[in-house]
Structure formats: C-alpha cells, structure tokens
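Visitor: So you can see what is in the structure, the chains are spelled out below.
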Amino acid sequence: MIGFLRSDLPVARDASGLFLPWLVAVMVFLACLALSGAMSLDSLLDRWSRDASGTLTVQVPAATGANAETETNDRVERAVRLLETDAQVATAMAVPRERLAEMLEPWLGSAELMDSLPVPRLIDVTVAPGAMPDLDALVERLRAVAPGAAIDDHRVWLARLIRLAEGLRLLAWAVIGLVALATAAMVVHATRTALAVHRPHIEVLHLIGATDAYIARQFARRAFALALLGGVGGLALSGPVLWGIGRLVQRLEGGLVPDITLGMGQWLVLLLLPPVAGVLSMLTARRTVRRTLTRLL
Amino acid sequence: MIGFLRSDLPVARDASGLFLPWLVAVMVFLACLALSGAMSLDSLLDRWSRDASGTLTVQVPAATGANAETETNDRVERAVRLLETDAQVATAMAVPRERLAEMLEPWLGSAELMDSLPVPRLIDVTVAPGAMPDLDALVERLRAVAPGAAIDDHRVWLARLIRLAEGLRLLAWAVIGLVALATAAMVVHATRTALAVHRPHIEVLHLIGATDAYIARQFARRAFALALLGGVGGLALSGPVLWGIGRLVQRLEGGLVPDITLGMGQWLVLLLLPPVAGVLSMLTARRTVRRTLTRLL
Amino acid sequence: MRQASHGKIAVRFESVGLRYGSGPEVLQDISFTLDQGSFHFLTGPSGAGKTSLLSLLYLARRPSRGSIRLFDEEVSTAARAALPPLRRRLGVVFQEFRLLDHLSALDNVALPLRVAGVAEADIHRHVPELLAWVGLGDHMHAKPPTLSGGQKQRVAIARAVINRPELLVADEPTGNVDDRTALRLLHLFSELNKLGTTVVIATHNEGLVRRFQFPRLHLEAGKLDVLPPMALTASVGMGTGPIPGGGQS
Amino acid sequence: MRQASHGKIAVRFESVGLRYGSGPEVLQDISFTLDQGSFHFLTGPSGAGKTSLLSLLYLARRPSRGSIRLFDEEVSTAARAALPPLRRRLGVVFQEFRLLDHLSALDNVALPLRVAGVAEADIHRHVPELLAWVGLGDHMHAKPPTLSGGQKQRVAIARAVINRPELLVADEPTGNVDDRTALRLLHLFSELNKLGTTVVIATHNEGLVRRFQFPRLHLEAGKLDVLPPMALTASVGMGTGPIPGGGQS
Ligand SMILES: Nc1ncnc2c1ncn2[C@@H]1O[C@H](COP(=O)(O)OP(=O)(O)OP(=O)(O)O)[C@@H](O)[C@H]1O
Ligand SMILES: Nc1ncnc2c1ncn2[C@@H]1O[C@H](COP(=O)(O)OP(=O)(O)OP(=O)(O)O)[C@@H](O)[C@H]1O
Ligand SMILES: [Mg+2]
Ligand SMILES: [Mg+2]
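Going line by line, the protein sequences match chains U, Y, P and G.
Heads up, the first sequence is in this note's numbering, so the first residue is 1 and it goes up one at a time.
Heads up, the second sequence is in this note's numbering, so the first residue is 1 and it goes up one at a time.
Heads up, the third sequence is in this note's numbering, so the first residue is 1 and it goes up one at a time.
Heads up, the fourth sequence is in this note's numbering, so the first residue is 1 and it goes up one at a time.
Just so you know, the hints here were simulated from the structure itself, not pulled from any lab data.
One thing to keep in mind: the hints can contain errors.
[To be verified] Below 27 Å or equal to it, Euclidean Cα-Cα: the simulated DSSO-like pairs (lysine-lysine) are: (1) G:LYS8 with P:LYS223; (2) P:LYS8 with P:LYS194; (3) G:LYS8 with G:LYS143; (4) P:LYS143 with P:LYS8; (5) G:LYS194 with P:LYS143; (6) G:LYS8 with G:LYS194.
[Stated by the list, open to error] Restraint-style ranges between C-beta atoms, simulated for each label pair: (7) G:ALA132 with P:GLU220: 17 to 23 Å; (8) Y:LEU297 with U:PRO200: 23 to 29 Å; (9) G:ARG62 with Y:VAL241: 45 to 51 Å; (10) U:PRO240 with Y:PRO240: 33 to 39 Å; (11) U:VAL241 with Y:ASP136: 24 to 30 Å; (12) P:HIS187 with G:ILE9: 39 to 45 Å; (13) G:ARG180 with P:ARG180: 44 to 50 Å.
[To be verified] Residues on chain P that point at chain Y, a partial pick, calculated with CB under 8 Å: (14) ALA60; (15) ARG61; (16) ARG62; (17) PRO112.
The structure presented is a predicted model; accordingly, all values stated were derived computationally and were not measured.
Glycine is no exception: its CB is placed at the ideal position from the N, C-alpha and C atoms.
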C-alpha cells in the first residue's frame, strides 16, 4: 500500500495539538530538575564515600618500661612496614612527632611535655583506590607487631554526613520516580485529551475506508513530533536553570560539596528525556486511536 | 437578575472536564513535595544553626607552679561564675575531670597519667536563646580571671554543614518557585484547553442573550470545583508519600537530621495549595471565557 | 387576523454591507424594513448570503457598513453590553442547529428560559409541552447525538420559540424534516406570528414558500429584492391548498 | 441506458433488525435487494430510521440481527479487518456532512484518494475539477467553517463521489441547497449511476423524488416497503418535466 510511504494527511493538525508540547515541556523540565538533582547527589555521595573510606589513621600506643622510646619507634616502623606490604594499602606514613606535638598542644599546654609522656603515635594510611580493607583483620595483624594498635577510619563525622546524603539520595530517587511517574501519566493523559478532540476525524477516516493501522499512524506520528518538540523545549528551558543552580552550588564551600556538575553520561540521560516523552506519547496515541477504532466496528 | 442566585446550568459538564482535576492533582502533588522539602530544609537549618550557635566550650589552661591544682580549680570556678553572671549565657558548667580523662584516654593511654599533667579544663556553656554573644569581648573578660582561656564555638564543621544546607535551601526554594510557576502555568493552560472544547457552547449561550458575566460565572464555578477537586486529590496523594519520606528520614541518624517533620503552620501552607489551584483555575476560566466573548461581539 | 401590526417597525436595514476579513462584500448595500408582526421568507441560491444576513439580524456580527435598527435601537454601533437584553427578545433557529451535545433535548430547549432566569417549575411545565407538540415527547431526555437529523432540527426550533420571541429568525428550519412535519412547523411559526412575533425564515423549500403566501426577501449576488408572495403554480404534497396570508386560522 | 445492471446484486438485506442499546427496535425485519447499477430513493418520516438503515449499508454499525450482503460478502458477521477494503468501494454523504473543519475543501475532498494511496498529481488534477463542477471553484481553499450550509453539503457530496464508488449512499444530500443546485447534484448522481454505480439516496424532497422516476424504499414505523416511482402529480420549480427512469441522457 502506497499510503505507508506517503507523507502524513494533515488530519491531526489543529490548534488543540498545541497543548501537548506545552505540557510535555513543563513535565520534562520538572523531570530534568529532579533527575539532575538525584544524579548530582549521587556524584556527591560517591566523592564523600571515597574520601571517607580512602584514608585511615592507625594509632600505636607508646610502649612502657625500659627503652620505651626505641621500642615505640620499632613498633611504629613494624606497623608501617606491615601496612605497606598490604595490597589494599596505597601508602602508610608515620605522623612526625612535631605534628603530634602540635595536635596535643591545646591539651598539654606545651610541646616539651610530650617527650616525657607515653603519647601514642599515629600512622596516616591511604587505602588503595577501590579497595575496601577488612579493618578487623587488619587490626589483628597490626596488634601482632604493635600491641594495642587501633584504627581510626576518619568516619567519625563523615559517616553521619554520608548516612544523611544516602538518605537524601534515596529520597531524591523516590521523588524522581514520582516525577517520572507523574510525567508519564501526564503525557499519556495529554495525548488522550488532544485525541478526544479528533474523535470525529478518526471516525470519518474510518468510514472512508482507512485501516486502523493507517489512522493510528497518522496520529501517532503527530503525537511523537509534538511531544518531542515539547520535550526539547522543556530540556532547553532546564539548561539555563541547571546552569544557574550549578553556579549557586559552586558558591558553597568547596570542601563538602565537591564538583557536582553533571558528567557526560548524566547529560546523556537528560537528553533521553524528550525522545522518551515522544515515544510515550506516540504509543499512547496509537493505543488510544486503536481503542477508539475498535469501539467503532 | 435571578440567574445570579440560581444553580448552575449543566452547561460545562462534559467529559472533557475530567482532564482538569487530573492535571491539577499531579501538579499539586509535585508542588506539595517541593514545598514540604523546602520547608523541612528550613526546619533542619534552623535547628542546626541553633545547635551551632547555642553552645560554646571554654578552655582554661592548667596553672603552673605551686598549688597548681587548686589554682586551676579556682580559675575554672571564677570563669564559671563570670559566665553565669553574663546575661547572654544560660548555663555554664565545668566538665568533670572524669569526662576529661575519658576524652584524653586515647592520647594518654591511661587516665591516671592525667593527674600528673597540666591538662586544660573545659567549661560547657549554653548561650541564652536568641543571644549572639560577642565572643572576642567574652574571651577578654575570661582571660582576666583565667589567663590563657580560649573559646571553641563548635562551628568547626557545623559551619560547613550550615553553609551547605543554606545553599540547598536556596536551591529548594528556587526549585519550589519553578514548580509553583509550572503548576500555575499548567492550571491556566489546562483550564484553557478544557474551555476550548466548550467554545461552541459559549457562543450559543452568548447568542441566546446571556450576559458575559453570567456565562463566565457558569464556567468559572465549574473550573474552580474541578481544580479544587484535583488539588484535594493531589494533596491526599501526597499525604502517604510525605509520610513515607518522613519514615525514611527518621531512619537516618538522629544527630544530623533532627525532627524535620512539618509543623502545623507548614501543613496549613500545604492545605492552601488546592484552594489556590482552584482560584487560579477559576480566574483563568473567567478570563478565557471573557476573552472568547469579547471576540464575538 | 394579525394582532400586532401596529405599524411599528421591527427591523430596518439601511445600506448595509458585509465582508468577511478582506474578502469581497458578501452583502452589498442592503436596505429593507420589516414591520412588527410581519412574516417574510428569505430566499436565494446557496452561498448568496442568507445566513450572513440573518447573522446580522440575530446580532452575531456587526455590518461592515450601514445601519441596522432592531426594535428601534441602532445595533450596528451599540455597545456590547446593550446587546444581551436585545438578544433575549429574539428566537433563532441556526442552520447547523447548534445544540449542546451533552445536554438532553429538554435542557437544550430550556436554555433560553434558564438564561432569562425563569423559575424551574415554569420550565418543567412549558418545555415538555412544546417538545411533545413538535413530536419529541418520547425523546425528551435523549441527547442530540442520539437523535435523528429531523429530531435535532425540531429541538432547535423548540429552543427558538420557547420564550415567545418578538422576532423569530429561522435559517433553513425544515431542511431535515419531511413535508408533513415542515408544514406543521410552519404553522407553529405562523401561529406565533399571529400573536405578534415578527418572523423571517430563510429557506430553499419552494413548496413551502408557495404554500404560505408571505412576501419574500430575495438575495442574489449580494443584492436584496423584496418580492411579493410567490406565484401559486401548484402545491405538491403540501396538504389541501394554498394558505393565503398565512396559517389556517 | 444503464451500463452496469448485469443482474448482479449489490446489496441484500435479510430480516435485518437494529436496536440502539436496550431501546426498541428502530428497524424491524427489513429485507430487500438492490441490483448492481440500480438507483433508489429512501423515504420516510423524520425519525423513521433512514439514517440508521444507511449506516448499516455504509458499515458504520452491525445489525442486531439478520444478514447483510454487500458486493456478495456477508458483512453482518465479517471480521473488522475485512471491512476497510469494502468501505473504499463506497461513497457516503453523511446527513451532518462530517467535514474536517481544519482542512480546506480541497483536502476534505481529497481524503478518500489519500487514504487509498492515490498519487498527489492525480489528486491535484481531479479534485479541483470536481469542486468546480459542484460550484465551489472559488472556495477550493476555504475551510468548512467559512462555507455556507449548501457549500458544505456540496463539499461532502464531492468527497463521496471523488473515488467513483461502486455504491453511493447519500443521506439527505440536498437539504441545504436550492432546487436548482439539488437538480444539478441529482444529475451528478444519475450520471454516476449510468456508469455503473448503485445509488441510494435518503431524502425528504418530494419534488425530487417525483421528478426522477426511480423506485423508492419507504420506511415507516420500522418497516420497509419497496414502492414504484412516485406518481407524477406535478413538478414544482424543478425545470421542465419529469425524467423517467433517471437522468437526462
Ligand atoms: N465566516 C466566514 N468567513 C468567510 N467567508 C464566509 C464566512 N461565512 C460565510 N462566508 C462566505 O459568504 C458567502 C455567503 O455565505 P452564507 O452562509 O451567508 O450563504 P447562504 O446564503 O446562507 O448559503 P446556504 O443557502 O448554502 O446556506 C459564502 O460564499 C461563504 O463562503
Ligand atoms: N445513536 C443512537 N442512539 C440511540 N438512538 C438513536 C441513535 N441514532 C438514532 N437513534 C434513534 O433512532 C430513531 C431513528 O433515527 P434515524 O436517524 O435513523 O432517523 P431518520 O429516518 O434518519 O430521521 P431524519 O429524517 O430526521 O434524519 C430515532 O428515534 C432516533 O432517536
Ligand atoms: Mg446558510
Ligand atoms: Mg436521518
């Protein structure tokens, strides 16, 4: 049938169609905001988790008794060596006594005092990228070479932040799910509303002898084009808004909020929104028209 | 004219109206989410700010020389008394030695050691509600009674969190502004679309001799009722969702995320959404009908 | 026989012209007068401008030029707000019926009464009576999409006459009904006319025009001629004979 | 005179009944046969069921009972998918025109050709010619809302005949045009009929029924009678005289 190849009838082209792109634009815009929010939070959280799990501090208590000083130094050295041979550890470095003194000054009043005290020593450890060391096992092994050694994994407060951010991420994904659902529902509903106006036209085409597939195609194509148009508009609208939000975020202190601008992949996801809206609208149009038609005979 | 008092013509009552409440429901639902998010963030931020600015820690270095122990105790006592007489301070309490010992244990290995050390003493201070003490002046006065006293105002990391949350709040309000704008635009547009279907009816009523005000009223009332209905539906839908989100948030560690459930006033704001949508729809309907009519003669 | 021809003038067109947008003048220099209580047919070929002329009469649009007086008020320049009260003194049968599809026949016919603020009790007394009279007693609660063409037309006519208008304007009111029903409807109009209503009916039905010996307004090529009643050559299928001057007493 | 009455049967109704929803039977036990190439009027009072009967013929609905054969295919039980090809062999003038308001007259008339996949070049050759023939040469690009009632009706008729249908079904095709145009349109139908098209025309216009001496299907109270051509008492305003057996050769 030649009709399959020929260009559209101008059958679905009236003003009522203008509603569809408008609505899709707004919904895609909202979905864009939600999605980029959720994805930024993802980036942020990844960064935080990496920071938190990436460094450890090992505490080696001072030895007592004779030769306490050298014994303590030995223990620290052994611990450092043990750590360095561990595949999951990137670097291990004893904190110099001077820095320890600085850290203790507020507590002890003066640095000199420290020399006479059994102050524990610290080792800064960087975990190999991606590694998740088993801290309990590590502590066991460390205690073999340095009795009383302990690991402080810096998560004291980052852990709370991470838990907060994880909660927020869950929330963000829940909200984005809801927005996506609402968007899909609206696109479906708007398409149906736009088609309700065309019911008489569908009937006429039907009675003139057009097949269901032919009629559905006329409207599905148009619905796809309109929703795509609206989606592109919504995306374009969200561009400057996301940029402005990015600027806002950059003004926040850099430490807690690292680079949360979107990566390529994430922009690609956003770019998918308009065609997704288009396809959704197209499928709805096809289904609605076919349902209308099967009611007709 | 009796018509002003009589019940509606059933003139606007057809299936096309079903679109309006549906759409308003979705938009009110989204606005609800955004608004409650922004308001929760507000609460959270208030709480954090209060926490951060509400407590201080005063550090009193140990005295040296003869009678160091009693001298230190005296200094702490004087400092506490000075603080207690300050109008901006609610409570001031020296941290007991036992707690200090606990805090230092990781550094000193054992609690006994502390007795022989010039460990500085700490005083926990609660600032009077709403007060913003001038910390520099306070330090001056404290140093007069306890040389070397220092104030640590706990903002070390809370400040960063607060700045983050402030940024997020700004963001949330920006987003809620956008959602509100989009909602308003959608309600306006949906009302117009619903009315487009009724254009022939408007014309007939006009030609039959109905005044503009009468015709506009018929449709405005109906639009109000439909949008209100949709708004209530959207609000009802957002109830369980907000509850679920609240549960999610409660699962987060309590420390950072205090009680961010909404207060009465904030629930009232949410309750305003449906009537606001209704009024918006009503005004749009009136304006659209009147515009249609003035084009007619 | 007629009650209301007090010599007053219901409608006066003076040099009226009408064009749509920037197109040619559909009506050119139309001048005529309709006495109150008169009955006229409006004839002319399809596309001559009958509906356009009537739309000026029922205040759906303003003329491009000239003056139109309705019930002694100049309407071509009147303020919008002055028109609704005038419109309520009219009854209009639109060529395309213009029924409200989601209202029942009864509610459609009741529309002019509701707009004018008539009590529901009166509405429920008068409307079913009139619907029964036009042969729709069984279809009172049917919605227009389930009515036949002629049934819709009769609902439209009932709506036009329900408020006993001073001026009845009917555009092709019998295009979809059989001759017997057409005759019956024209008797309804002539009955109203006897009670004082000025009537203008655009029609293509020459049989009717011949049978009811009323003067004609004839439109052709944008010009209007007022013609005497059409010559009575025969009356095909229209009952027993001509009805001079309108209606069977 | 007729080319195509090879004795084949175009339409056969057998004991057909139709009811809407749970209402009474609008059509009861209708049986008739239309030979290929025949020409029939369908008459009957308003609300008798003419449009309902025709809607069975142009495959808009299925009968509640009975059998309908169209071009030798049983359609009352045929699969939905089998109907579109049959529909393309029909031409239909709907009582309410059913034009697409946002398409020009030309695009409306071109619709059946486009649906059937005819080349644009052919469309642009044939459609304007036909529109000119029905007197709409000047309104080719006008949209239906700006056309007069009769002009719309002529667009609807042009759309029905543009694809030279094997069966032409017209529901009140002359309700909105003057007698001269009605005559012209009926000649168009009878011309098509001479080329082999089976024609059924529902009409209230007795003048036309008398003038064209074709057999009648008469519907009344749900029953159908096949009647001979109507007695020629007179032909009012319909030209010079009767046209026996259809059309001026
Ligand atoms: N809204 C419009 N815009 C532009 N042109 C119009 C409009 N309405 C009518 N016309 C044109 O004006 C002319 C007269 O139309 P009108 O409807 O008045 O004719 P009519 O006498 O009522 O015809 P009919 O007997 O077929 O109903 C026609 O050529 C028509 O195309
Ligand atoms: N869709 C429908 N639903 C219910 N009843 C209907 C429907 N269509 C028609 N009817 C009823 O069926 C009967 C016959 O209608 P139909 O339209 O066939 O009459 P008709 O002979 O074409 O009349 P007219 O000459 O007035 O057009 C009428 O009483 C009508 O109310
Ligand atoms: Mg007209
Ligand atoms: Mg009919």
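Visitor: Run every hint past the structure and note whether it holds.
Guide: Evaluation of the provided hints:
The hinted pair formed by LYS8 of chain G and LYS223 of chain P fails the criterion: a straight-line CA distance of about 52 Å is larger than 27 Å. With a CA separation close to 15 Å, the supplied pair LYS8 of chain P and LYS194 of chain P stays within the 27 Å bound. Between the alpha carbons of LYS8 of chain G and LYS143 of chain G the distance comes to roughly 40 Å, so the proposed pair goes past 27 Å and is violated. Between LYS143 of chain P and LYS8 of chain P the alpha-carbon distance is near 40 Å, which puts this suggested pair outside the 27 Å criterion.
Between LYS194 of chain G and LYS143 of chain P the CA atoms are separated by roughly 41 Å; this puts the pair beyond 27 Å, and the hint is violated. As the CA atoms of LYS8 of chain G and LYS194 of chain G are separated by approximately 15 Å, the hinted pair is consistent with the 27 Å bound. For ALA132 of chain G paired with GLU220 of chain P, a C-beta distance near 21 Å keeps the hint of 17 to 23 Å intact. The given range of 23 to 29 Å is respected by LEU297 of chain Y and PRO200 of chain U, whose C-beta atoms sit roughly 27 Å from each other.
In this structure, ARG62 of chain G and VAL241 of chain Y meet the distance hint of 45 to 51 Å, their C-beta atoms being roughly 47 Å apart. Take PRO240 of chain U and PRO240 of chain Y: their Cβ atoms lie about 35 Å apart, and the range 33 to 39 Å holds. Roughly 42 Å separates the CB atoms of VAL241 of chain U and ASP136 of chain Y, a value that falls outside the hinted 24 to 30 Å. At about 44 Å, the CB distance of HIS187 of chain P to ILE9 of chain G agrees with the hint of 39 to 45 Å.
As the Cβ distance of ARG180 of chain G to ARG180 of chain P is approximately 25 Å, the hint placing it in 44 to 50 Å is violated. The beta carbon of ALA60 of chain P is positioned within 8 Å of a beta carbon in chain Y (closest approach about 6 Å), and the interface hint is therefore held. Residue-level restraint check for ARG61 of chain P holds (minimum Cβ-Cβ distance to chain Y is 6 Å; threshold 8 Å). Here the hint on ARG62 of chain P is kept, as its CB sits about 6 Å from the closest CB of chain Y, short of 8 Å.
Interface restraint check: PRO112 of chain P against chain Y, minimum CB-CB distance 5 Å, threshold 8 Å, status holds.
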